[in-house]
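Throw the hints in and build the complete structure from the sequences for me.
Going by my numbering, the sequence shown opens with residue 945, and the numbers climb by one from there.
A portion of the hints provided could be inaccurate.
Pair ranges (Cβ atoms, derived) [as the list claims (entries may be wrong)]:
id	residue 1	residue 2	range
1	Pro-1055	Leu-1081	40 to 46 Å
2	Ile-1388	Leu-1154	30 to 36 Å
3	Val-1248	Leu-1334	17 to 23 Å
Note that these hints are calculated values from the structure, not bench results. All C-beta atoms, glycine included, are put in the ideal place defined by N, C-alpha and C.
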Amino acid sequence: MNESLAVLLAVLVGSLALTVLSRKFRVSPPLALVVVFLGVSFIPGMPEVRLDPELVLPLVLAPLLYSAGLQSSPRRLRENLRPIALLAVGLVLFTAAVVGVVAWWLLPGLPLISALILGAIIAPPDAVAAASIGRRLGLQRRVMAILEGESLLNDATALTLLRIMLAAAVGGAATPSVLSGLGQFVLTAAGGVVVGGVIGWVVHRIRMKLNDAVMESALGLVIPFATYVLAEDFLHVSGVLAVVIAGLYLGHKSSESGFASRLQDEAVWAGLDTVLEAFVFALIGLQLAVVVNELRSGIGAVLVAALAVLLATVLARIVWVFPMTYVARLVPRIRAHEPRRPPWRVPAVISWSGMRGVVTLAAAFAVPDDVAGRDLIIFLAFVVTVGTLLLHGLTLPWVIRRLRVYDTGAQHDALEEAAAKQAAAEAAMRRLDEVTEDGTPEHITTQLRSWAEQRANGAWERLGRPIEQVGEAPTATFSRLRRQMLAAERETFVTFRDQGRLEDGVFVEMLREIDHEEAMLER
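Listed below in structure tokens is the structure:
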């Protein structure tokens, strides 16, 4: 086996193993991966591990952004478009400019175009990490929607900006003027949106014709890579935005696919996301030793600059979020649309949700070798990523609890769910009456009615008092007992297979039936 391939496989296996341990012991997997593999990189004789910068965006970031698009809600994006746009576009451009100027001022050997490349890399926070913390603590739904929308679109904004800056740096052009840069940014972004929308529409029509869950999932795996290459290399528009828009469209239309396609897609993309993120963080840890060695002569000044860039990154978000939250409301139309003035605690939480993550590190990796100051850019991006993960990641739960920015609409959500399931159960029973033929055994219709009523009753039961006060709900009892029955059935099937009384192919089909029912009970 090729030595470099063997090393990459070892890194992949090791990163996944470390991710499992980190989750088990409730340690941040990104921090654990970077720290452990950074230590591994200093082991004598450890081979240098590099990933071709030209492959990072299409092979790593494209599928990650596509997966995020699949899981996002276009409706929630539209409802919170103004605050999301201010964060995902305005704040990204502002942060890129601030970070670029600070780095250029503190590091005289770093060209301005390279400093702006650094700014574009550092600009997008990983709001998904903040949203996961907020979801666990019951953060307000609108704040959650804003953070999730920002996380989806800010990556596209930053990477589109990075594409323009890299083209200027590699092409040897001077730093673009503000007007020409903005014009190019708008054209590139608009083209990416159009391309992504068209691809999403075409792919959805093809998937509806396939009626084959395996082929639909296989096609879905190809989409982010093909979309990125088509947009970037052939149409010269933003491949990142094209991938995000295609993911948004196909995620929104997934309800028209079959249940098997949705279950497969969910599992496939969750696994692929985990593999890619673990791999990137591990590679960054391994790569950093080489970067530090290159910078060893002036490491003191670089460390000071790195801390200053980290501080500028944190302050830029605070300086932007608070004024934009309230100044925008001076516009009468915005004030009429949002009559309630948000309390200061809301922008405080949003401004403290600036953790950087895999996109920043992968984007730093994507900088070509011939860009001046590449090692410096990677090191500064690493310091900012680790610094914000430590600063915000460790303190954000405390900030949310201290400021009490909690969701008060959980009961309302449960009520909406119960009402919808009740209406759905009634519609299902009316349909049953319509399609039931004379002579249909009564026990079959009775069981079907029982299943429909059980789904509706389960939602209403969750509106009651806690289980500690009233005991186990009837539907929970049903699910618990049914799982035990399914476990006994599964054990029997295994015994029959092991004794040679059941063919393997038949066994797999029977096991799949039980798995589907257990998945339904789990839902």
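Original post:
When the hints from earlier in the document are held up against this structure, which numbers fail?
Top reply: Result: no hint breaks.
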